[in-house]
Amino acid sequence: MLQRRDFTFLATALLTSPWVRAQAPATWESVLGKARGQTVYWNAWAGDEKTNAFIAWVGTEVKSRHGVNLVHTRLKDTSEAVTRVIAEKSGGRNENGTVDLIWINGPNFLAMKQQGLLHGPVTQRLPNFKYVDVTRKRSNLIDFTTPVDGLAVPWSLAQIVFVYDSARLRNPAELPRSAPAMLDWARSHPGRLTHPKVSNFLGSTFLKQALVDLIADPAVLQVPATDASFASVTAPLWTWYDQLKPTLWRQGRQFPDNGAAQRQLLNDGEIDITVSFNPSEAAASVGAGLLPATVRSFTFRKGTIGNTSFVAIPYNAAHKEGALVVANFLIDPEAQARAQDIRYLGNLNVLDLSKLPAAESARFDRLTPSATLPSAAELGTPLLEPHASWMTRIEAEWQKRYTR
Amino acid sequence: MAEALHALRASAGAAAPGPRRLLRLAPVLTVAAFAVPIACGLVGTLMPAFGYLPAIGGEHWSLDPWRALRDAPGFFTSLQLTLVVGWVSTLISVLLALAVAGILHHRAGAKRLGTFLAPLLAMPHSALAIGFAFLVLPSGWLVRWVSPGLTGWTVPPDVGTVGAASGWPLIAALVMKEAPFLLLMILGALNQVRAPAQLAAARALGYGPVLAWFKVVLPQVYPQIRLPIYAVLAFSLSVVDVAIVLGPGNPPTLAVQAVRWFSDPDTARYFPAAAAATLLLGVVLASIGAWSLAERMARPLFNRWLERGERGGAVAPAAGLGAALGAVLAVLAVLSMLGMLLWSVARPWRFPDAFPPGLTVDTWARQADQLAGPAWTTLLVGVASTVLALVLTLASLENESRSPRPADRTAPAVTAVSASVWLLYLPLLVPQIAFLFGLQVLLIRLGLDATVSAVVWAHLVFVLPYLFLSLAEPWRAFDSRYARAAASLGASPWRVFWRVKLPILLKPLLIACAVAFAVSVGQYLPTLFAGAGRVATLTTEAVTLSAGADRRVIGTWAALQGLLPLLAYLLATTLPRLLHAGRKGIA
Numbered sequence: 000m001l002q003r004r005d006f007t008f009l010a011t012a013l014l015t016s017p018w019v020r021a022q023a024p025a026t027w028e029s030v031l032g033k034a035r036g037q038t039v040y041w042n043a044w045a046g047d048e049k050t051n052a053f054i055a056w057v058g059t060e061v062k063s064r065h066g067v068n069l070v071h072t073r074l075k076d077t078s079e080a081v082t083r084v085i086a087e088k089s090g091g092r093n094e095n096g097t098v099d100l101i102w103i104n105g106p107n108f109l110a111m112k113q114q115g116l117l118h119g120p121v122t123q124r125l126p127n128f129k130y131v132d133v134t135r136k137r138s139n140l141i142d143f144t145t146p147v148d149g150l151a152v153p154w155s156l157a158q159i160v161f162v163y164d165s166a167r168l169r170n171p172a173e174l175p176r177s178a179p180a181m182l183d184w185a186r187s188h189p190g191r192l193t194h195p196k197v198s199n200f201l202g203s204t205f206l207k208q209a210l211v212d213l214i215a216d217p218a219v220l221q222v223p224a225t226d227a228s229f230a231s232v233t234a235p236l237w238t239w240y241d242q243l244k245p246t247l248w249r250q251g252r253q254f255p256d257n258g259a260a261q262r263q264l265l266n267d268g269e270i271d272i273t274v275s276f277n278p279s280e281a282a283a284s285v286g287a288g289l290l291p292a293t294v295r296s297f298t299f300r301k302g303t304i305g306n307t308s309f310v311a312i313p314y315n316a317a318h319k320e321g322a323l324v325v326a327n328f329l330i331d332p333e334a335q336a337r338a339q340d341i342r343y344l345g346n347l348n349v350l351d352l353s354k355l356p357a358a359e360s361a362r363f364d365r366l367t368p369s370a371t372l373p374s375a376a377e378l379g380t381p382l383l384e385p386h387a388s389w390m391t392r393i394e395a396e397w398q399k400r401y402t403r
Numbered sequence: 000m001a002e003a004l005h006a007l008r009a010s011a012g013a014a015a016p017g018p019r020r021l022l023r024l025a026p027v028l029t030v031a032a033f034a035v036p037i038a039c040g041l042v043g044t045l046m047p048a049f050g051y052l053p054a055i056g057g058e059h060w061s062l063d064p065w066r067a068l069r070d071a072p073g074f075f076t077s078l079q080l081t082l083v084v085g086w087v088s089t090l091i092s093v094l095l096a097l098a099v100a101g102i103l104h105h106r107a108g109a110k111r112l113g114t115f116l117a118p119l120l121a122m123p124h125s126a127l128a129i130g131f132a133f134l135v136l137p138s139g140w141l142v143r144w145v146s147p148g149l150t151g152w153t154v155p156p157d158v159g160t161v162g163a164a165s166g167w168p169l170i171a172a173l174v175m176k177e178a179p180f181l182l183l184m185i186l187g188a189l190n191q192v193r194a195p196a197q198l199a200a201a202r203a204l205g206y207g208p209v210l211a212w213f214k215v216v217l218p219q220v221y222p223q224i225r226l227p228i229y230a231v232l233a234f235s236l237s238v239v240d241v242a243i244v245l246g247p248g249n250p251p252t253l254a255v256q257a258v259r260w261f262s263d264p265d266t267a268r269y270f271p272a273a274a275a276a277t278l279l280l281g282v283v284l285a286s287i288g289a290w291s292l293a294e295r296m297a298r299p300l301f302n303r304w305l306e307r308g309e310r311g312g313a314v315a316p317a318a319g320l321g322a323a324l325g326a327v328l329a330v331l332a333v334l335s336m337l338g339m340l341l342w343s344v345a346r347p348w349r350f351p352d353a354f355p356p357g358l359t360v361d362t363w364a365r366q367a368d369q370l371a372g373p374a375w376t377t378l379l380v381g382v383a384s385t386v387l388a389l390v391l392t393l394a395s396l397e398n399e400s401r402s403p404r405p406a407d408r409t410a411p412a413v414t415a416v417s418a419s420v421w422l423l424y425l426p427l428l429v430p431q432i433a434f435l436f437g438l439q440v441l442l443i444r445l446g447l448d449a450t451v452s453a454v455v456w457a458h459l460v461f462v463l464p465y466l467f468l469s470l471a472e473p474w475r476a477f478d479s480r481y482a483r484a485a486a487s488l489g490a491s492p493w494r495v496f497w498r499v500k501l502p503i504l505l506k507p508l509l510i511a512c513a514v515a516f517a518v519s520v521g522q523y524l525p526t527l528f529a530g531a532g533r534v535a536t537l538t539t540e541a542v543t544l545s546a547g548a549d550r551r552v553i554g555t556w557a558a559l560q561g562l563l564p565l566l567a568y569l570l571a572t573t574l575p576r577l578l579h580a581g582r583k584g585i586a
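Respectively, the protein sequence lines represent chains A and B. For what it's worth, numbering that gives the first Met the number 0 labels the leading residue of the first sequence as 0, then goes sequentially. For what it's worth, numbering that gives the first Met the number 0 labels the leading residue of the second sequence as 0, then goes sequentially.
It should be emphasised that the hints constitute simulated quantities derived from the structure, not laboratory data. The beta-carbon is built from N, C-alpha and C at its ideal position, and this holds for glycine as well. Any given hint could turn out to be false.
What the hints assert, rightly or not - Distance ranges between label pairs, derived from CB positions: (1) P147(B) - A215(A): 41 to 47 Å; (2) A375(A) - P147(B): 38 to 44 Å; (3) S187(A) - V382(B): 38 to 44 Å; (4) A326(B) - S78(A): 52 to 58 Å; (5) V360(B) - T225(A): 20 to 26 Å; (6) R169(A) - V327(B): 52 to 58 Å.
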């Protein structure tokens with residue numbers, strides 16, 4: 000007699016086998032059929048007007064193309080949706096859940112995966128998933144060291160870039176394209192570099208990026224930090240930072256509160272280089288009059304850290320087929336091109352453009368031009384996020400070392 | 000208030016019918032309105048400071064919160080900074096206020112000083128701080144005026160101003176707000192001493208006008224501004240919004256650190272936060288004690304100086320210098336507000352341009368939707384808390400004036416009176432952070448947290464004393480013969496109140512309301528805590544945005560925040576003129 004667990008195993012085996020993949024279009028037809036008329040509740044962080052407008056656009060598209068109604072459940076924090084699913088599970092509501100789709104990554108994804116709260120694997124069922132870059136954009140498959148295992152669909156990419164004003168730093172050859180080069184640059188330009196305070200996510204990101212760049216083998220960061228490994232692995236970071244700190248803006252005694260405050264300093268001419276986790280943020284800021292039109296972006300020679308935002312379907316979602324249709328539309332080249340256009344959103348696409356038919360990849364050549372945006376060559380291959388424990392420890396260690 | 004509360008003792012228990020009885024409850028209600036939340040809040044903060052808050056796992060009394068506080072990175076720097084900022088800004092404020100009063104008292108314009116000070120006082124602290132920040136930044140307005148022409152700076156110099164570890168911009172901004180407050184208190188106190196006659200006598204003995212003021216008037220005025228000085232000291236030691244905008248961030252002042260911990264998602268941080276808030280209460284009480292001790296020690300020195308009878312000395316020149324500094328600070332305060340107004344209509348404006356490249360209303364148009372909600376909330380909370388405070392104050396004052404006066408003013412009665420003045424000052428002497436956390440816990444218990452009514456109540460705690468203090472003086476100065484004349488014509492006490500007292504006292508009443516409204520508009524911490532971070536007012540939003548948002552956007556918030564109390568003040572001064580046009584003497 001087959002146990003239920005065996006069924007799951009069998010289903011997984013079948014789904015990933017070549018035979019099922021060949022059959023996928025037929026399955027997709029039935030998904031589309033069931034999805035028509037469903038109302039999908041997409042729980043997504045709503046703190047950004049442009050993102051909200053993009054989600055609304057997705058809603059009109061899936062409605063006209065597939066008859067799926069999309070409702071944006073506006074969250075202040077993604078954990079609200081996670082909490083709701085957990086509450087539903089503990090209340091015994093194992094089907095007809097109120098959350099159909101969640102915008103998710105990092106600790107929230109890890110929590111849902113560990114507690115078995117996700118429906119799937121789903122990615123191989125999506126016709127558009129064949130366009131997703133799974134070789135160079137590795138964060139599409141590994142989220143903060145957690146294997147995604149097809150349980151979440153990548154839809155946008157963030158990557159660390161550095162922003163500078165080309166009117167003041169005129170020679171691109173002198174841009175500091177590594178952590179050691181940044182120290183040399185800061186020494187010869189005292190007071191012209193800073194980072195957000197380390198209790199802010201972007202501030203600890205700056206240190207994390209330096210660490211990845213400074214150590215010989217960043218692979219050690221893919222496992223959780225221990226007291227011993229943290230001390231030895233981060234030793235080069237602190238040596239580097241001890242030398243860097245006195246050369247920073249205000250002799251490293253003051254730091255901007257957050258990314259926006261740091262951007263204001265660049266706009267006021269108080270500093271020359273800022274760090275950002277969104278390659279199109281500077282271009283959008285130019286458009287909004289928050290930065291001069293002469294700002295440009297650069298990255299490190301060895302690459303910079305990138306991570307992916309996903310959508311995932313809770314195990315008890317009431318409208319799984321509709322959610323699949325929305326997820327599939329999000330990785331449609333048309334949606335990806337629109338999301339990357341700085342007029343709309345400015346998020347990097349998750350696709351491998353070389354896999355696209357010519358007509359589709361041409362969409363990416365027609366995006367709103369901006370000299371501020373880094374080129375694909377400049378962005379290179381994004382590096383993987385270290386395990387979350389490294390960032391937590393870096394922040395605590397910084398406070399211990401430098402708050403007197 | 001003093002006598003109003005005294006009436007509470009005198010008439011307690013006496014049975015009286017109808018509205019009169021309600022009126023007798025007024026002093027009790029008035030005191031309860033602010034004393035109950037403070038008392039409950041203090042208890043609610045003290046318990047977690049010693050480890051007890053079962054809701055978040057604090058089951059046992061312990062000193063762990065204090066150890067966590069002591070071991071927090073930068074704790075001692077933070078404590079030192081708090082003390083320096085609090086004491087230095089209070090000392091400077093007191094000296095400047097005395098200097099300006101001493102220099103200006105015999106000049107023609109002195110009478111009009113109050114008219115100039117009122118709008119400055121109405122300005123919310125945080126709006127002024129935000130404007131001042133732009134003024135003194137190395138890339139700020141002052142540097143832009145002289146760069147690169149005079150300085151040669153094509154990029155801003157790398158010197159710390161806003162957020163500097165020494166905290167001097169924080170001190171400067173506090174002086175800008177507190178010195179005018181003390182000056183106004185001195186001007187009020189002057190009405191109660193026979194200054195002109197005594198000054199004339201002193202001048203006849205060969206003392207210069209300034210020296211005569213310091214030697215003859217100051218000793219009489221000082222006892223009356225003692226409590227306001229303590230309030231300034233307490234405020235400067237525990238201020239949060241100004242310190243967030245202008246103070247150091249790593250570590251910040253003790254009060255800001257406590258707020259940061261209280262708002263940390265990790266609830267274990269509540270314990271050191273409560274300990275920090277309790278420590279701040281101790282710091283404030285100890286500082287007031289130290290100041291009063293210093294007063295006593297200074298007294299014999301002052302007397303010896305009086306007895307020596309010097310006619311010259313450094314006092315007059317020093318006072319002149321102080322008054323000049325006061326004038327500079329007043330100009331800076333005005334510039335701070337103008338700078339924000341200019342930013343709100345500026346096109347992208349970069350260093351080192353002294354003025355924006357062009358003006359536009361785009362920012363206002365784009366922000367209109369975001370501004371509307373918090374602006375309405377600010378207005379609603381301000382009007383509601385002012386009206387409540389006004390009703391309580393009027394009822395207490397009316398009760399006082401209708402109660403039989405104590406036959407003889409013996410010593411115990413006087414003690415009771417001064418004790419009730421202290422009670423009135425309570426909300427201004429206790430650091431806000433020390434009771435607001437406990438109050439929040441209480442509000443959650445009552446299911447009232449994050450509601451507008453909770454915010455109104457929290458504002459009332461601060462609005463009430465200011466309104467009472469502003470209104471009590473003119474109310475008591477009311478010439479009772481008018482009331483008696485009306486009564487002899489057959490008017491009931493209520494008719495006298497509505498038809499005689501209110502019209503005559505309309506102007507001071509409206510000004511007291513404008514002061515109260517301004518106090519409400521400026522409240523940051525009470526709004527944050529009682530509203531659980533979910534009730535947004537212009538002040539909470541402006542302080543949040545000050546951390547880095549587009550300066551043009553900050554400009555709209557700060558400008559609107561400053562304009563609301565200004566409009567209220569304008570209304571208070573023009574309305575009586577419109578309503579009473581043609582009625583001589585009271586318009």
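Status of each hint after checking the structure:
1. Evaluation of the 41 to 47 Å hint for P147(B) and A215(A) yields a pass: the beta carbon distance comes to about 46 Å.
2. Taking the beta carbon of each, A375(A) and P147(B) are about 39 Å apart, inside 38 to 44 Å as hinted.
3. For S187(A) and V382(B), the hinted distance range of 38 to 44 Å is not satisfied, since their beta carbons lie about 59 Å from each other.
4. For A326(B) and S78(A), the hinted distance range of 52 to 58 Å is satisfied, since their beta carbons lie about 54 Å from each other.
5. Taking 20 to 26 Å as the suggested C-beta distance range, the pair V360(B) and T225(A) does not conform, at roughly 58 Å.
6. Between R169(A) and V327(B) the beta carbon distance is about 41 Å. The supplied range of 52 to 58 Å is therefore violated.
Comparing the model with each numbered hint stated earlier shows that hints 3, 5, 6 do not hold.
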